[in-house]
Each structure stands twice: as C-alpha cells, then as structure tokens.
Amino acid sequence: MPDAEGRVTVALVDDEAPARSLLREYLAAHSDVVVVADCANGFEGVKALTELKPDLVFLDVQMPKLDGFEVLELIGPGPVVIFCTAYDEYALRAFEVHAVDYLLKPFGRERLAEALTRARARLGEARTGSTAVSPSPSRPGELAAAARPPGHWIERVVIKDGSRVQVIPVERIDYLEAQDDYVAIQSEGRTWLKTQPLAELARGLDPDRFVRIHRSYVLNLERLARLEPYAKDSRMAILENGKELPVSRAGYARLKELM
Amino acid sequence: MHPLTQSRLRLALYLLAWAVLGALIAVLLAITRGTPIVNALALMEPLALLYGLVCLSALWVCRSLPLDRTPPGKLLGGWIGAALQASAVWVGVGTPWAVLLGRAGVISARREELMGGAAAFFVLGIPLYLGSLVLHYLLLAFEASREAERRVLESQVTAREAELRALRAQLNPHFLFNSLNSINALVGVDPERARRMCESLGDFLRRTLALGARDSVSLSEELALVDRYFAIERVRFGDRLEVERDVEPAAERCLVPPLLLQPLVENAIKHGVADRIEGGTVRVAAQIADGALRLSVENAVDEDSAKRPGEGVGLQNVRRRLDALSARQTRLDTRRENGRFRVMLTLPVRLAAETGAAGPAARST
Chain W
2 MPDAEGRVTV
12 ALVDDEAPAR
22 SLLREYLAAH
32 SDVVVVADCA
42 NGFEGVKALT
52 ELKPDLVFLD
62 VQMPKLDGFE
72 VLELIGPGPV
82 VIFCTAYDEY
92 ALRAFEVHAV
102 DYLLKPFGRE
112 RLAEALTRAR
122 ARLGEARTGS
132 TAVSPSPSRP
142 GELAAAARPP
152 GHWIERVVIK
162 DGSRVQVIPV
172 ERIDYLEAQD
182 DYVAIQSEGR
192 TWLKTQPLAE
202 LARGLDPDRF
212 VRIHRSYVLN
222 LERLARLEPY
232 AKDSRMAILE
242 NGKELPVSRA
252 GYARLKELM
Chain B
505 MHPLTQSRLR
515 LALYLLAWAV
525 LGALIAVLLA
535 ITRGTPIVNA
545 LALMEPLALL
555 YGLVCLSALW
565 VCRSLPLDRT
575 PPGKLLGGWI
585 GAALQASAVW
595 VGVGTPWAVL
605 LGRAGVISAR
615 REELMGGAAA
625 FFVLGIPLYL
635 GSLVLHYLLL
645 AFEASREAER
655 RVLESQVTAR
665 EAELRALRAQ
675 LNPHFLFNSL
685 NSINALVGVD
695 PERARRMCES
705 LGDFLRRTLA
715 LGARDSVSLS
725 EELALVDRYF
735 AIERVRFGDR
745 LEVERDVEPA
755 AERCLVPPLL
765 LQPLVENAIK
775 HGVADRIEGG
785 TVRVAAQIAD
795 GALRLSVENA
805 VDEDSAKRPG
815 EGVGLQNVRR
825 RLDALSARQT
835 RLDTRRENGR
845 FRVMLTLPVR
855 LAAETGAAGP
865 AARST
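Chains as they are written, first to last, in the numbering used here: chain W, 2 to 260; chain B, 505 to 869.
If you are wondering where the hints come from, they were derived from the structure by calculation, not from laboratory data. Check each hint, because a few of them may be wrong.
Which chain W residues face chain B? A few, computed with CB under 7 Å, are given here [to be verified]: (1) 19; (2) 22; (3) 42; (4) 45; (5) 49; (6) 62; (7) 87; (8) 89.
Just so it is clear, CB atoms sit at the ideal spot from N, CA and C, and this is done for glycine as well.
Same shape as in the complex, but just chain W (with noise of 0.2 Å):
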C-alpha cells in the first residue's frame, strides 16, 4: 500500500535483462514510483514479493520454471499486477486474476503511463478502504484452476515450502492425500503439504492418469500395480512401492472405465 507521501515500490519480474532495463527507464519518469526489486526469474520474483511485499509487479508470463501465473499462485493475495509480455493468448487468464493491466511487448512510454494511472487508482481504492487492494480469489489456485484453457492439465504442481518454492512435474507424483484444508503430494518417497482442496487441485490434472479412487485420494494411474478385494464393497489399491490405498465404489468404477 502506498504510504503517506503516496509513493508505489515496485517489482519487476522478467527473465530478460533488456526487458527490465526498458521498465526502469520508463518507471524513473515517475518520481512516485520506487523501483524495490529487480528479478530475472520466478523463484527471484516470489521471493521478493513475499519479503519485500511491494505495493505493485511487472510481470513477464513466460519465464523458465515458474511462469508469471504460478509466481502469482503461490504468493497469494498481495500485490497489484501488470503483466507484460509477447503474446496475447494469456489475456484472458490475466483479466481473471484480476490483473489491472496487460502490456504487450513492445510498449511504449505512454502505454506503460496509462497502466501506471490503472494501478494508482486501484491503490488509491485500497487506501481508501472501498476493495481489497487486489480483489484475489482467497484461494489463488481456484482461479488459477478456473483460467485454465479447457483440455489443457497441469504439468507440474508448485509449493511454497517457508521461502523455498518447490516445482514437483505432475509424473513424479504418486499420488495426493487430503488433509484438512491441505493436499498431501506423496512424490519420490517425499510428502509435500499444498494450501488447496483436493478437489481443486485434482481438476488440473489429466483425468486418463489421475483417478480420483477414494473420497480422500487421487492416483497417478502409472504407480498402480494392483487391485485386491478388501471388504464387502471395497478394495485396496496396491502401487509400486507396496503403499496401499483404500478405493471406494464409485473410485473402483472410475478406475475400472479407465483401465
């Protein structure tokens, strides 16, 4: 939020140097702005933004490992967003993030001017208590679930792990547990906690490799090795490395149109 003398810091997340060099160019203009941090990638970025808490980001989309989307996923609520960047397919997903503007590159000055004055006002209506400084979901992979293209699933899952961002590729994982209002991602003999609901979490994924098998369990198909009966009504899932996992009716009916 901007303090009394109404000054904005802000962030920049772009992994190319050239890019940034053009935002602070453009940014010194603004003798209301401060520059905060500079950061060439998305674990840079989430970092920053964590720590710093800045008032506003720039922020590339397509950037190595952690995209402008997932940096935003995992710090949550906070800061007002712009995006930039090349392409225009993601604007959509953009709007529902409630970001306040979308630069395409290349922008000029005037451009960057008139999402400057977007941001103030939308800083101003914070300050001023009418919103919420960025109207976020109150769980950021919901939307981040919802603005997903149809048909398109997640390739990897990111978790924020104290001030480490972990990036888990959705083939490593063997399978997810629910727990209270966490997941549980079981990969490599590792267990990873995630703010979301199962549910949700399980939407993104590839329905032909993740089978929902149980109220509180969703499996990575490739880690099953077996089926046994357990009681009337029910079975017990064997995988790979001999965990085994209870599968409920309705998970052995799903399991069974699959396989």
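Since the structure of chain W is already known, use the hints to place chain B on it.
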C-alpha cells in the same frame, strides 16, 4: 474392391459386352441348329451374364500372379487352372438351366444334344476366361499408373506445404515482438547496440526471404542465417545463451534444403536456454561421414522438465520436409542423454559445384 464394380456405369458396360457375346452365340445356335432365335436368346443371355460375373474373379488371379514377379511356368499353370475351374463352374450351373429349358420345350431336350452343348461350352469358357484375365491385367496396370501419378502429385504438394510452413515458422511473430522490445530497451541505454540489432534483424529477415525462395542452399549460407539469429537472441538472453560451433570446411559446401537448421536452433534456444534459469550452450555441428552429411543441433535440457511424448511442431516440420525430399536418403534422429538433447540430421552429400550452379546463384550471400 473390384474396379469394375466401383461404378455402375462400368459394371453396366461390362455386362452389356457379355450380353452382346451371348447374343452372338445365340445367333450361331439359331443358324447351325435351327433353334428359333428367341429360344436361343432365352438360353444364352442368362448364361452369358452368369459367366460375366464368374469372370470378375480374374481380378484376384491377376493380383496373386503379378506379371513381372511370377515365373512363367507358374503364370501359365495359374491361368489355365483358373480358366478350367471357372469354365467348370459355368457348365455346372448352366447345364441344369439347359435341362430346365429343355423340359419346358424351349430348346431341344435330347440328351446327346445337351451333353454335346455342355462339352462345347466348357471348351468355349476357357478362352473367354483367358480374355477376361487380359482385361483385368490391363485394368490393374491402368490403376497402378494412375496411383503412381497421384502419389507424385501428393508428394509435390506435401513438399510445398512443408516449405510454406517452414517459412511461416521462420517469421514467428513472438520472435519479432521480443526482438522489437529488446531494440526498444536498447534505444535508451545503448543506441549504438540498438542500431546493430536493427541491422541484424533486417539482415536476418532479408536472408530468410531470399533463402526460402530457393530449392537448395549451401550449408555455409544456412549457417550464416543461424549466426544472425544467435546474434539477435544474444541480446535477449545475454550470457544465458552460449553458442558452440563445430563445422568441417568440406561440409559447408554441401547443398541443403533452405531454412532447415534455423527451426532446430530455435527449438534448442527455447528448451535449452529460455526454459532454464541458468541458460545453456547450443551446439551446432556438421561433418561428412560415411558419404553422408551429418548435421546436429544440441542443447541442455532440464532434468525436471516433463519428457513430453512425441515431437513438437518444429521437429515434425523438419521431418516432413526431409521425407518429402527423400524418405530413404534422409534421417532425423533425436537423443536425450546426460542432460543434453540432440537432433541429428543425415542428408545425401551434394556439392554446390556438382549441380553446375556454382556461379552467383548458388554462392551469393
């Protein structure tokens, strides 16, 4: 599917020919035996049409005994065997028909006449079937030549399509947008470099259009284009992009299809540099080995990145173009090991001088 039954018109013409043949035999019968012509026609027309249908089976005989790949003895034996069988079927079905007509008083019911007729038809059936075999061989040859013609046309269309696609991929708008944004940034901080970048970009585009208009270019021209591309991307990625080159001088003189290397280099930069935080080295190599030109483009891959099944659009395009050029003489292999991804192309060695076009057309830059 039988080519004669594919269209009603063809089948009608074919059966009409048999009906005419049947009528001729009926006339012959009327003259020699004194059978009334209407009665002779009543006997002959169904028999002729029936044999016409039996003779359609010649297609399968022709297919199983191709003229160019069957020893003469087997050919002759096969033909005669098939003709005997077909004629036997004809007489086998035709005799009861004649007996039936004889009982009805349409034709003579005398036993000797019926037997003699059956023998005569059996003898007649053999040359008729052989004639049908000839007709079917001709039909097959005709279809084969049309098929070959179609395939040539198809491969020409595929090749053109692949070239068009290559050209379109070359002028990838995001590459242009990002390059313009880099120039936009440089104008403020380093105008001299911005100018050089404009020059590189213009040069790259001009070369792309010039090379794309030709059927083949020397590898050195293709490499010069790739160098411009690297120079432009170097501005965007800075130290994250490293380039290594290992090209035999002899290989540089080889002719290659235009714009073949650049999509591979673009892929290598995308996966080996843009998708990696620390960037990486893109290595381009070319040499002549075992009488073939071997090109390779190599980049680092992220161990964490998903091993996507299949190939991306860029690789598919290159593969299609090589196939259209010559599926037998060219190869595209990919290998992923030790954290590196490598695409290897194998092409026939063609030197610029061999085509007689070593003049300005082939050498100009």
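Hints, verified against the model:
1. A least Cβ separation of about 4 Å between residue 19/W and chain B falls short of the 7 Å threshold, and the interface hint therefore holds.
2. Look at residue 22/W: its Cβ gets to within about 5 Å of chain B, closer than 7 Å, so that hint holds up.
3. Hint status for residue 42/W: holds, given a least beta-carbon distance of 5 Å to chain B, under 7 Å.
4. Hint status for residue 45/W relative to chain B: violated, with the closest Cβ pair at about 9 Å, above 7 Å.
5. Hint status for residue 49/W: violated, given a least beta-carbon distance of 15 Å to chain B, over 7 Å.
6. For residue 62/W, the interface hint is violated, since its Cβ never comes within 7 Å of a Cβ in chain B; the closest pair sits about 11 Å apart.
7. With a least beta-carbon distance of about 4 Å to chain B, the hint placing residue 87/W at the interface is held under the 7 Å criterion.
8. Among the interface hints, the one on residue 89/W is violated; its C-beta lies about 9 Å from the nearest C-beta in chain B, farther than the 7 Å criterion.
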